[in-house]
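For reference, the chains in residue letters:
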Amino acid sequence: MNCVLAEDNILHGTPLLRWVYELAGLFLPCWLSYFIAGFVIMFILVNAVLLGAAVFVWTERRLVGRLQNRVGPNRWGPFGMFQPIADLLKLIVKEDLIPQGADKIAFVAAPIIMVATAILMLAVVPFAKNTALADLNVGVLYVLAVTSLTSVAILMAGWSSNNRYALFGAARGVAVLISYEVPVVLCLLGVVIVAGSMSLADVVTAQAVPFILVQPLAMFVFVAGTSAELNRTPFDVAEAESELIAGYHIEYSGIKFGLIQAAEFGGVVTASAVIATLFLSGWAGPASNYIGWLWLLIKIGVVAFLFIWIRATFPRLRIDQIMAFAWKFLMPLSFINLMAVSLEVYFLRDSSGALTTTDLWIMTVINLVVFAVCIPLFGSLIRDKVRPAQLQPTARATPGATVQQAGGEVT
Amino acid sequence: MGELVSQETAGSVGDVPERGEPVEMLLNMGPQHPSTHGVFRLVLWVDGEKVIRAEPHIGYLHRGSEKLCEGEQYHQIITLFDRLDYVANFNNELVYCQAVEKLMGLVVPERAEYVRVILCELNRIASHLLFVATMGLDAGAMTPSMFCFRGRERVQTLFEAVSGARMMHNYFRIGGIKEDLPDNFEQLVADLLPLLREDVGESDRLLTFNEIFLARLKDVGVISTEDALDFGLTGPCLRACGIEYDVRKAEPYSIYDRFDFDIPVGLDGDCWDRHYVRVQEMYESLRIIEQALDQMPSGDVASSLGRRLIRPPEGEVYARAENPRGEIGVYLVSDGTDKPHRVKVRPPSFCNLSAIEHMLKDSWIADVVVILGSLDIVLGEVDR
Numbered sequence: 001m002n003c004v005l006a007e008d009n010i011l012h013g014t015p016l017l018r019w020v021y022e023l024a025g026l027f028l029p030c031w032l033s034y035f036i037a038g039f040v041i042m043f044i045l046v047n048a049v050l051l052g053a054a055v056f057v058w059t060e061r062r063l064v065g066r067l068q069n070r071v072g073p074n075r076w077g078p079f080g081m082f083q084p085i086a087d088l089l090k091l092i093v094k095e096d097l098i099p100q101g102a103d104k105i106a107f108v109a110a111p112i113i114m115v116a117t118a119i120l121m122l123a124v125v126p127f128a129k130n131t132a133l134a135d136l137n138v139g140v141l142y143v144l145a146v147t148s149l150t151s152v153a154i155l156m157a158g159w160s161s162n163n164r165y166a167l168f169g170a171a172r173g174v175a176v177l178i179s180y181e182v183p184v185v186l187c188l189l190g191v192v193i194v195a196g197s198m199s200l201a202d203v204v205t206a207q208a209v210p211f212i213l214v215q216p217l218a219m220f221v222f223v224a225g226t227s228a229e230l231n232r233t234p235f236d237v238a239e240a241e242s243e244l245i246a247g248y249h250i251e252y253s254g255i256k257f258g259l260i261q262a263a264e265f266g267g268v269v270t271a272s273a274v275i276a277t278l279f280l281s282g283w284a285g286p287a288s289n290y291i292g293w294l295w296l297l298i299k300i301g302v303v304a305f306l307f308i309w310i311r312a313t314f315p316r317l318r319i320d321q322i323m324a325f326a327w328k329f330l331m332p333l334s335f336i337n338l339m340a341v342s343l344e345v346y347f348l349r350d351s352s353g354a355l356t357t358t359d360l361w362i363m364t365v366i367n368l369v370v371f372a373v374c375i376p377l378f379g380s381l382i383r384d385k386v387r388p389a390q391l392q393p394t395a396r397a398t399p400g401a402t403v404q405q406a407g408g409e410v411t
Numbered sequence: 001m002g003e004l005v006s007q008e009t010a011g012s013v014g015d016v017p018e019r020g021e022p023v024e025m026l027l028n029m030g031p032q033h034p035s036t037h038g039v040f041r042l043v044l045w046v047d048g049e050k051v052i053r054a055e056p057h058i059g060y061l062h063r064g065s066e067k068l069c070e071g072e073q074y075h076q077i078i079t080l081f082d083r084l085d086y087v088a089n090f091n092n093e094l095v096y097c098q099a100v101e102k103l104m105g106l107v108v109p110e111r112a113e114y115v116r117v118i119l120c121e122l123n124r125i126a127s128h129l130l131f132v133a134t135m136g137l138d139a140g141a142m143t144p145s146m147f148c149f150r151g152r153e154r155v156q157t158l159f160e161a162v163s164g165a166r167m168m169h170n171y172f173r174i175g176g177i178k179e180d181l182p183d184n185f186e187q188l189v190a191d192l193l194p195l196l197r198e199d200v201g202e203s204d205r206l207l208t209f210n211e212i213f214l215a216r217l218k219d220v221g222v223i224s225t226e227d228a229l230d231f232g233l234t235g236p237c238l239r240a241c242g243i244e245y246d247v248r249k250a251e252p253y254s255i256y257d258r259f260d261f262d263i264p265v266g267l268d269g270d271c272w273d274r275h276y277v278r279v280q281e282m283y284e285s286l287r288i289i290e291q292a293l294d295q296m297p298s299g300d301v302a303s304s305l306g307r308r309l310i311r312p313p314e315g316e317v318y319a320r321a322e323n324p325r326g327e328i329g330v331y332l333v334s335d336g337t338d339k340p341h342r343v344k345v346r347p348p349s350f351c352n353l354s355a356i357e358h359m360l361k362d363s364w365i366a367d368v369v370v371i372l373g374s375l376d377i378v379l380g381e382v383d384r
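Top to bottom, those sequences are chains A and B. Mind the numbering: the first sequence is residues 1 to 411 in the working numbering, read in order. Mind the numbering: the second sequence is residues 1 to 384 in the working numbering, read in order.
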């Protein structure tokens, strides 16, 4: 029996799947080998995300440790690399509590949905040339749809926990996610316009000049929006540990907590992969036909480092400030980016609607100027509230003089 | 303290409210909460993210320290005072010793006075470093806390070299100090000061003028000058409102009149001013230590009393001092025996905390922890 994947099959573009399918098809029925090939791919993908999450957790803890004059985990394995594994083992053997009064189904389902969304996101990211699991022609839309699912999971977790802190965390998380979805979608529109396709593979090939240069504003808005959607500092109000202790996952313990953590950190890895694909030209680079995956990994690492660095530096914004940041700062910026890109594409494209590399460089120059003008301009607009004229206390005077002026007494 | 409200009943809303009508929800914060700085409980009535009403509950750390003092001999009480404000132990020891010295008319050896001032100011820096660390954590910044703790650790190492303990030193004695300093004390402090200045400056540069930190703290938890005086706020919380009142200047105790230092004051009385006043105070404390090191005489440090049992004359006395948290007062009644008849402490944290209900009105939930943090309470002192 010899099975051959049909040309029009959506998974035809994935060599690994085709290879497994044909190999298994040698001695199994075709429908069964199709499933086996699918499971093999799923196994690889799921483990890639979870292992990526483990590596990211270790990197973050070591790096933040370095940035904070600490050592970080260094006991278990070389440089403490097995620390996440040890943490996971601990979480697995811990008692798995479901609080009284919790909505059991929603409570159990929430962490699973979270992990699922984090993993699903990687399905459309091309690791190298022709190696996306599914090269969807609506890849960008798919990414947006899947990331939005996280808000459902957060709401489920927070609401079903029957805990007011969790409810607050969930409400905040959903509010942030919904608000930041808008500027993120708008700046992705700019990417799609230039690439001329919604498929992530086409977006990578379109980046003769990386889109971080062609559309710096979009990159800025997208990174800010993504870090808000991932609940990372300075937008981590949903689990603000100094206010809400842990936010929506306050009641979770054991393996469910482990899953939520894995989803959270895996989400950072997958989001970094999406950012690297959309703006840093994905797998493209020197010798990318052979080591495209390495380029993607390096770019994921750069973006992930950015997230860690921000986390180690900034305090947390308040929820109203986060909303203002989304609607009053990122929104106008994404509109400006969309307008600029549309106009440039309208005037620069040739008769067939394609853009040459020279066109991209022209756009780069224009958009960099727009970026350099817009960020300080809008930044100063929303900053006025927080920067009063005088910031320097300290004075010397005869003690007690002011007390009497203010109507008090010195005894 | 108000009545304990049952969470089951108080939180339920009952009838479905009209559209636009505020919905009250009860949120219990503490006593187990990472940002209440100890076992402090706040009951918040919130409408969405806005706090309608707040009710503080204290007493979870009540140990009856004042009553315990009545059963201890005068020297033994010093260790109880260590445990009031456990972040500023030396300052607490100092004010108690001063109260007894005032009652007995004791003169403290010159060198001992300088040692006390240096240790107290170092302790003030350590305490304020802890404040900056927790302020950063309350606002969500993790890194400054590590820089601050490094500096605090250095100070505590010095304390250990001097008194044998990192905290709860039990080192000051009535009429002097326990024993002379290590031989290389001057060198230790002189080495420490530039490092400390760097630690303070590092966290200061990273945190104080950060845009997000400013956005979180500026115009938050504002208290007017009149209200601050009415509530009896003291220390940095009062000075943040623009009042130059510092016991070290207003009524110089010990040898504080010999040093040249400024009183940093704020302008608006908001959380950021309370933060920045403390940062500035650390630099002033460093100045005081430098001057004290220059002036420090040699000589005896031990009390003229020796190891005798103390029986102060009958009478009462009130001593006060500027602690890192504000003005601490000790009211002491002696009946002529070896144990005091009554000891009453005026704890700065307690008086500062009394304004929390006023400050929290109409604030955001996220501001609650920031405002509470900016008051810099130590529950050991609030509950006593």
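These aren't lab readings, by the way, just hints derived from the structure by calculation. Everything numeric in this text was worked out from a predicted model, so none of it was measured. Even for Gly, the Cβ is constructed at its ideal location relative to N, Cα and C. Heads up, a few of these hints could be off.
Distance condition first, Cα-Cα at most 30 Å in a straight line; then the derived DSS-like pairs of lysine-lysine [what the hints assert, rightly or not]: (1) B:K361 / B:K67; (2) B:K102 / A:K328; (3) B:K178 / B:K361; (4) B:K249 / B:K344; (5) B:K344 / B:K102; (6) B:K67 / B:K218; (7) A:K328 / B:K361; (8) A:K90 / A:K104; (9) B:K249 / A:K328.
Which chain A residues stay away from chain B? Per the calculated CB distances, all over 12 Å, these [to be verified]: (10) N74; (11) A116; (12) A171; (13) L348.
Here is how each hint holds up against the structure:
no.: 1; hint: B:K361 / B:K67; verdict: 35 Å, violated
no.: 2; hint: B:K102 / A:K328; verdict: 62 Å, violated
no.: 3; hint: B:K178 / B:K361; verdict: 48 Å, violated
no.: 4; hint: B:K249 / B:K344; verdict: 24 Å, holds
no.: 5; hint: B:K344 / B:K102; verdict: 16 Å, holds
no.: 6; hint: B:K67 / B:K218; verdict: 41 Å, violated
no.: 7; hint: A:K328 / B:K361; verdict: 27 Å, holds
no.: 8; hint: A:K90 / A:K104; verdict: 23 Å, holds
no.: 9; hint: B:K249 / A:K328; verdict: 48 Å, violated
no.: 10; hint: N74; verdict: 16 Å, holds
no.: 11; hint: A116; verdict: 29 Å, holds
no.: 12; hint: A171; verdict: 8 Å, violated
no.: 13; hint: L348; verdict: 37 Å, holds
Of the numbered hints given earlier, the model fails hints 1, 2, 3, 6, 9 and 12; all others are met.
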